[in-house]
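S.K.: From first to last, the protein sequence lines are chains H and S. Numbered according to our numbering, the first sequence spans residues 1 to 166. Numbered according to our numbering, the second sequence spans residues 1 to 250.
Simulated from the structure, these hints should not be mistaken for lab results. Treat the hints with caution; some may be incorrect.
Listed next, the in silico EDC-like pairs over lysine to aspartate or glutamate satisfying Cα-Cα at most 16 Å (straight line) [stated by the list, open to error]:
#1 Lys130(S) with Glu80(H)
#2 Lys67(H) with Glu78(H)
#3 Lys59(S) with Glu80(H)
#4 Lys115(H) with Asp162(S)
#5 Lys199(S) with Glu176(S)
#6 Lys144(S) with Glu203(S)
#7 Lys199(S) with Asp237(S)
#8 Lys130(S) with Glu78(H)
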Amino acid sequence: MVTEKQHIDQILIPILEQVSDPEIPVLSIMDMGVVRSAVIQNNVVKVQITPTYSGCPAMDVIGDDIKAALKKAGYHSEIELILAPAWTTDWITPKGRKALEEYGIAAPLSPEADKEALLGNKKIVACPQCGSTNTRLVSQFGSTACKAQFQCEDCQEPFDYFKCLK
Amino acid sequence: MKENLYKYILGIADNSLILGQRLGELTGHGPSLETDIACTNLSLDLLGQVRSYYQYAAKILGNGKTEDDIAMLRLEHEYLNVLLVEQPNTDFAYSMGRQFLFDVYHFLFLNELQKSTDITLSAIAIKSIKEVSYHQRFSSDWIKRLGDGTEESHQKMQTAIDDLWTYTDELFHQTEADIAMVTEGVGVDVTKLKDTYYKKVAEVLEEATLKIPESKYFQKGGKHGIHTEHMGYLLADLQYMQRTYPNMEW
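Chain H extracted, bound-state conformation (with noise of 0.2 Å):
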């Protein structure tokens, strides 16, 4: 089922945004964009969640969490997964993009960039620790499938860099 616009009941913005990305707990689902609608039908709240990769094992829990959060504020809830629209790295609010930059993860940069700097060896991708782009690849997969391994050469220190889907 295709759902274009994301569409959230007001009232419930406040209990999802309570739901962390299991893998990065400063990071709400909301600001990741994988909750694509949230509604209240006859009393019971039907979500529909996108997961970012085909093979994220995340999902099942962020589904089992929602329906947690949901049943502690007093709702039933079903969870729907939905593939269409197909996720893209552009559905992470810039509130994310803080959270993930403060968590110590590069967020990721525009497609043309993110090509560059993963295929290209420009040193464009900013180390979350010092700052500077005096920064290598590591290996194009990191921790998680949806991220790159970078080691910074100024300060040294290795980080993560959410790598550009779109």
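Assemble the complex: chain H is given as a structure, and chain S must be docked to it using the hints.
M.R.: Only chain S this time, still in chain H's reference frame:
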């Protein structure tokens, strides 16, 4: 039950399941930490796609069978994957060779599947192609690194390509279910992808200083459930837990 659609989905998903299984075997055995993680990430992407396909297939079956039943409990002749993906991890050159020869096809295939009149298959393709384009770049890079590498790596990479070449033609065969689905606008006519495929593969092999195999003898059978000897052992691994402890849960 829409028999042809069900078989068609299996034909697509089984490729990714079996390839995902082969990649998973490299866990802890990759030549370096980076490649170990990369291969398992590739596997995870594929298995994620497989879940979407099998969930859809289960819905079509409509008899209570789940994605897990479809993945774990079929008999060997019921798996419809091509022979290429079941080839073993003889060495890293074979792993990358198998990956590369499949990835080039997979990308071309998904590019067409996006246009399917079946909205579920189309949605899965649109999502999957973003990941598979990364896979293709990864495997192509390794063919070039190994081919245009040391004398030893070049030799091993050439051997792998020579051996795996015989499995490439099957990618462009059509079963009855395939043809039926193409007629309905649901499926991809893979025969039309053949020329582009061999052209793209040749480009990479040339850049990798590798020779394009001359052999014109090609194996087939996977798409009809007739597999190489490797499949039995692979399924023994894949199905062991579910068959030993039926209905087990983690």
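S.K.: Taken at face value, is the distance from the CA of Glu203(S) to the CA of Lys144(S) at most 16 Å?
M.R.: Status holds; Cα separation ~11 Å.
S.K.: So if I understand the rule, the pair passes when the alpha-carbon distance is 16 Å or less; does Lys67(H) with Glu78(H) pass?
M.R.: Satisfied, since the Cα-Cα distance of roughly 8 Å is no more than 16 Å.
S.K.: Regarding the pair Lys115(H) and Asp162(S), is the alpha-carbon distance no greater than 16 Å?
M.R.: violated (32 Å)
S.K.: If you draw a straight line from the CA of Lys199(S) to the CA of Asp237(S), is it 16 Å or shorter?
M.R.: violated (36 Å)
S.K.: Are the Cα positions of Lys130(S) and Glu78(H) separated by 16 Å at most?
M.R.: Judged against 16 Å, a Cα distance of about 28 Å means the pair is violated.
S.K.: Does Glu80(H) sit within 16 Å of Lys130(S), going by the straight-line distance between their CA atoms?
M.R.: violated (22 Å)
S.K.: Are Lys59(S) and Glu80(H) close enough, with their CA atoms no more than 16 Å apart?
M.R.: Cα-Cα ~14 Å, so holds.
S.K.: Measure nothing beyond the straight line between the CA atoms of Lys199(S) and Glu176(S); if it is 16 Å or shorter, mark the hint as holding.
M.R.: Violated, at about 27 Å.
Comparing the model with each earlier hint shows violations of hints 1, 4, 5, 7, 8; every other hint is respected.
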